[in-house]
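*Asks:* Hints in hand, dock the two standalone chains.
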Amino acid sequence: MNIENTKAQMRKGILELCILSILEKNEAYPSDILNELKDSKLIVVEGTLYPLLTRLKNDGLLTYRWEESTSGPPRKYFQLTELGKSFSNELDSSWQDLQKAVQKIRSKK
Amino acid sequence: MNKTVTINISGIIFNIDEGAYSTLKQYLESIKQKFGTTKGGEEILTDIEARIAEMFHEKVSDTKQVISQVDVNGVIAIMGQPEQFEDPEAEANTSYNNDTAHEEPRRGPRRFFRDPDSKIIGGVCSGVGHYFGIDPVIIRIIFVAIVFFGGSGVIAYLVLWAITPEAKTTSEKLQMKGQRVDIDSIRQSVSDEAGNLKKKFNHLGEKADEFGKQVDSGKVENFFTTLFNFILNIVKLVLTFVGKFFGILLIIFGGLFLLSLIGSLLGLGTMSGMINIGDANVFSLAEVYEFIFSSSYHRTAITIGLAIVCGIPVLAMLYGGIKILFGVKMPSSKIGAGVTLLWFAGIVLMLLTGFQIGKEFSKQDKVVSQFSLPPSTADTIIIDVNDELYPVDAEPEISDDYFVLKSYEDELFLTTVELDVIENQNDSISIKIIQEARGNSFDDAANRAENIVYSYSITNNRLTFDPFLIVKKEDLFRNQKVKIKVAIPQGKTVFLDKTSGWIIYDIKNTTRTRDRYMLNNYWTMTEDGLDCLNKDMSRNGIRARKKASRERASKKPVVPNYKANPNSTDSTKIDTSTTAAYVQKFSSVNTYPLFPTPFTVFG
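In order, the protein sequence lines correspond to chains Y and G.
Numbered according to this note's numbering, the first sequence spans residues 1361 to 1469.
Numbered according to this note's numbering, the second sequence spans residues 985 to 1587.
I should point out that these hints are in silico values taken from the structure, not numbers from a laboratory.
Any given hint could be a false lead.
If you only want the chain Y side, here are some residues facing chain G, beta carbon under 10 angstroms, derived [stated by the list, open to error]:
#, residue
1, VAL1405
2, ASN1418
3, SER1429
4, PRO1433
5, PRO1434
6, LYS1436
7, ALA1461
Within a straight-line C-alpha distance of at most 30 angstroms, the following computed DSS-like cross-link-like pairs (lysine-lysine) qualify [unchecked claim]:
#, chain 1, residue 1, chain 2, residue 2
8, Y, LYS1401, G, LYS1009
9, G, LYS1519, G, LYS1531
10, Y, LYS1398, G, LYS1048
11, G, LYS1539, G, LYS1519
12, G, LYS1018, Y, LYS1417
13, Y, LYS1436, G, LYS1018
14, G, LYS987, Y, LYS1372
15, G, LYS1465, G, LYS1350
16, Y, LYS1385, Y, LYS1398
17, G, LYS1048, G, LYS987
The beta carbon of each residue, even a glycine, is placed where N, CA and C say it ideally should be.
Next comes chain G alone, as it looks inside the complex (with noise of 0.2 angstroms):
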């Protein structure tokens, strides 16, 4: 017993075996594929299924109603196998090629598939070299080389598995190896679609004359048509470019991205891809790990969720680039509803983990130490930095930013010092350090506040302050901060040199002049506040004395010595004088001054 099928070849119904079915449908498919591309193929499949229908038509009678698989069989011997059919035109030109050179016969472009007959793992690497006409094991010598490069080789390697179909059937094997990609087809087909357009624009210029002559509603629909379909191809054409560009772009950047991503979160080093945007400080992502997270849960838990939330959007572009580029497609749906759901899991898993750390800087303590300067102290005292202390190591990076990171030998610098300069009811002057920290509780608060190690000392009338408090490992990172309150009474006067401009913050005077105006000046308290005595500190006056500087600038007779030397340029210029006496002066003391003039001075 066999199951039939019934089929219609050229408008008359069959019974056939189901065997024979598929073995006919085999048959008319390497057809298709041998005359599909070629002028009028489509009528020689016709032509050759009415005469296969007529033949079947003569097998059958009353008491014989299906088609059986030796039917099929012998239907085709008499037409033959595609490749046996003799076309003297197609004959004409292959001996035409066999006489010149053996060029490979255009089969349509190429398309990127895996190559399930060399392969290794996948078949990636195959499917590549086809794709580009590069021997494979070359290919392969490049994946393993960028294996070395933060497994990168690994991730694209198994990115490509993923995405790329694999060349099942023959038509796919024939795309895989189809015609070249090159420069020269990119030009073949932008020049076949400006001809096309070409063409179009012809056809419009006709259309238009015809217009012109008879306005007919039907005309003027069909014009409108043509003109909507000649703009639709220009903007196609263009899309076509822009999006091969785009497609380059989005691998490149993924790639990149991708890169930064892994060597971050394995810490390998310091990634300036991922956090060094603009001036902002550098350092790892692994070396920030260590003075965050008070248990390794948190930094497993941010780190997977880091590498989810940031690694699907990097590896969505490195597939949508590779998507516009060879037209592979996704393998399945679900995927992509798989991928989403999971990069919201990371999102969750970094709030859950994120809330989670948040309480831990959820309380905030200070401890506080107070002192007065004895009465017998002058009536003006100063407030400068000291930049002498520190190795030349610790070099903690310069910015205008909150606070700076950096940590040494298992301590952290922080910029978090403020300086400021209020009014003391009292007659004596008093400095107030409040050190500040937060942590889950008070106690732990107060605990981490108690650990900040601030220094400074006092000679005679002369304040010096450290630029940076230090925080040890263990307490870890918890917005350490240092507050200090220099109270004077009216009638003394404090100034602040060009150093104090690291910690001094927002002093409040009566002029309302910036910190940065304020350094390298006598600052007097009185009734109404900080005032500025010997000098106009308001805008108006500062902005006069920038006036006067630059025109004594402008009055100074140029020297053009650069002409003397013409390899020097005056942006290198430096002033090697002064840079030379200071590494003379702390060498000695194995000391480097660390910090530059913070802010430029006006004096």
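For reference, chain Y alone in the conformation it holds in the complex (with noise of 0.2 angstroms):
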């Protein structure tokens, strides 16, 4: 069993939530939502968020805009779309309820 691969599947469990959480919040484009994953320390490599947003965007959890940059190619600006948003819902109190479990099966060690 290795513990980097099990690390890395823990996250990669959380990311879709994540990445939905904040187009929640805002819309944002690829870059901003990197430095968020990063600064939590959610993300190794930024070549993971690509296919990912692509995929969500592909069954229609995500719309794209386009807006011109000074610095740069034109950029992708996303935000979630109605089924985006009872989606995250969703990934949302299923969250809630892992934490719930998690930390009942811990407090009654």
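*Replies:* What follows is the structure in structure tokens.
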């Protein structure tokens, strides 16, 4: 059993929830999302984000608009769709449940 | 000093060091590989490129205009290698698979490559092994085993080596071990295709509805485009199937022809595959060589010529089959041109040698011997063929062909014996034996004609001829012939025994009766020519007798004797009584009747 592998899997599980949570507050473009994720040490390499965003967008949870940038190519600003919002809420409640479950188990020790 | 390359990422231009450029290119290539097949892969790549452009943009300034290797390494470190990308979905899939059984991930269809990593000679066997999912050791054993079948394993190996590309890049190596090509994957691709067609068809239905509602010129064009595409897809599907089947056929027949060709050229016994088509005679090319080529130079030239002229199309067949089945490509088009050139060179070689050999057939000469029968001979002479003299082993194959070739102990037996019955102006019966042969000069031809061994015997009124002539091996086959003219005066009669069917050739007669019907009959020389006096031998006469004999046969009561023994079939029944009698008759002198009835004789 590789500890790094387990850690990575735990991170992966909640990554979607975190991205959706970030976007729930504000629309954002990938670098914004990356900065927040990096701050909370949730992401190791930036490359992870792009396939994830594309998939969420293709699943209809996200939508985006183009915005010109002064420093580089035009940026994709992502925001939640209605479906994305309900998806996010559902994930959030399941996260709460998980958290409670873990705490409950630990407190029994 | 470093050379720089100008690149365009997401529409922004950067100057980048050459080394850094190749690193970046490799990196993007590896990302493309990972996401190229997934849904939205193109978009992921574009997004990542945009991010890279952004990061590059932060690195350059008026004082630092060029992206360096360090910058690229930094960007790659931030973005991470594709295998470090943590995609929850992908993880979910693999963990699911881990729970059940370790399954090979689908990596697209498998292709046929040579494997340079585990090769012994050229990596062909390991490549074949990967393709069929078999241990290469087994493939190697099979190849070594078929080397002993006429060396075809070596040739197959060399052909595969020449036409199969080596798996050089990582993606080629992945394709080499890619998704198994088995019944399941074929079924999968067929059902995908069928699904596509169905979708297209439904689409077509909708289009047709629209078409009915509004006849708009643009829509009409669209409709026909869809219809055309639909038909094209069906045609493509059918062609793919036919193509694969054709490929298998090509390989099978190419392999067979190759084996036959090699066998014939090397003289490995009798290769029926090459020559024995239909009822033709069976002999190996090597056997023919012995009697046709006067010099080993001709022999070698013809062998090489044949190998090239026949071998190249055969190899091309094999190559075509492999190409269709495995999708391998010719390493270079120059090879194709070279091979075509070689083929023409082979043709030229064959033509030149053929011309030289042809010259050895250019002159014809003959030797004639003539004698008359004594006047005391009876008015009727009998012509038959000696069928007792020859040892069993020399049995020449019987055929209606112009001549039959068979060698026996350095002698060539030819059935080019022709007998004709003509009118003699004198009162005697005279026989003329003409021995003919060809050569590169008249002397040569005359010499060969002289050397022909041909025998016959005369006892009282019976003329017995040999059914074939013998040519010594050193004389070679130069179209040797024996022509016999039996000249009889008017009033004399000739009886053609049924064995003479082997040698009589186009004997003129008043009723224009064909040779086979002349047998077993008495023919008298009249003013007008040979005539059968006691029977109507005209076409109508023969027909009437045939009919009568059929009627007689049908009136005979049929005895259903086969019911007594259900195992015996009528077709295999042999009249053992007569065969036994023949064997008994000739076994005492250690000879054997060689010739069955040449023609069916109607009496």
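*Asks:* Holds or violated: are the alpha carbons of LYS1401 (chain Y) and LYS1009 (chain G) at most 30 angstroms from each other?
*Replies:* Holds, at about 29 angstroms.
*Asks:* Sort out whether LYS1048 (chain G) lies within 30 angstroms of LYS1398 (chain Y), counting only the CA atoms.
*Replies:* holds (28 angstroms)
*Asks:* Does LYS1465 (chain G) pair with LYS1350 (chain G) here, judged by a C-alpha cut-off of 30 angstroms?
*Replies:* The hint holds at about 9 angstroms.
*Asks:* Hey, LYS1519 (chain G) versus LYS1531 (chain G), does the alpha-carbon distance stay inside 30 angstroms?
*Replies:* Holds, because 15 angstroms separates the two Cα atoms, which is no more than 30 angstroms.
*Asks:* Tell me if the straight-line CA distance from LYS1385 (chain Y) to LYS1398 (chain Y) falls inside 30 angstroms.
*Replies:* Holds, at roughly 17 angstroms.
*Asks:* Against chain G, is LYS1436 (chain Y) within 10 angstroms by beta-carbon distance?
*Replies:* holds (7 angstroms)
*Asks:* Hey, does the ASN1418 (chain Y) contact hint survive, CB to chain G under 10 angstroms?
*Replies:* holds (5 angstroms)
*Asks:* Given the hint that LYS1539 (chain G) pairs with LYS1519 (chain G), test it: the Cα-Cα distance must not exceed 30 angstroms.
*Replies:* holds (24 angstroms)
*Asks:* For the hint on ALA1461 (chain Y), does the least C-beta distance to chain G fall short of 10 angstroms?
*Replies:* Constraint on ALA1461 (chain Y) not satisfied, violated at 20 angstroms.
*Asks:* LYS987 (chain G) and LYS1372 (chain Y): Cα distance at most 30 angstroms?
*Replies:* The hint is violated at about 42 angstroms.
*Asks:* Would you mind confirming whether the straight-line C-alpha gap from LYS1018 (chain G) to LYS1417 (chain Y) stays at or under 30 angstroms?
*Replies:* Holds. LYS1018 (chain G) to LYS1417 (chain Y) sits at ~19 angstroms (cutoff 30 angstroms).
*Asks:* Hinted pair, alpha-carbon criterion (30 angstroms max): LYS1436 (chain Y), LYS1018 (chain G). Please report holds or violated.
*Replies:* holds (22 angstroms)
Hint compliance for this structure: hints 7, 14 are broken, all remaining hints hold.
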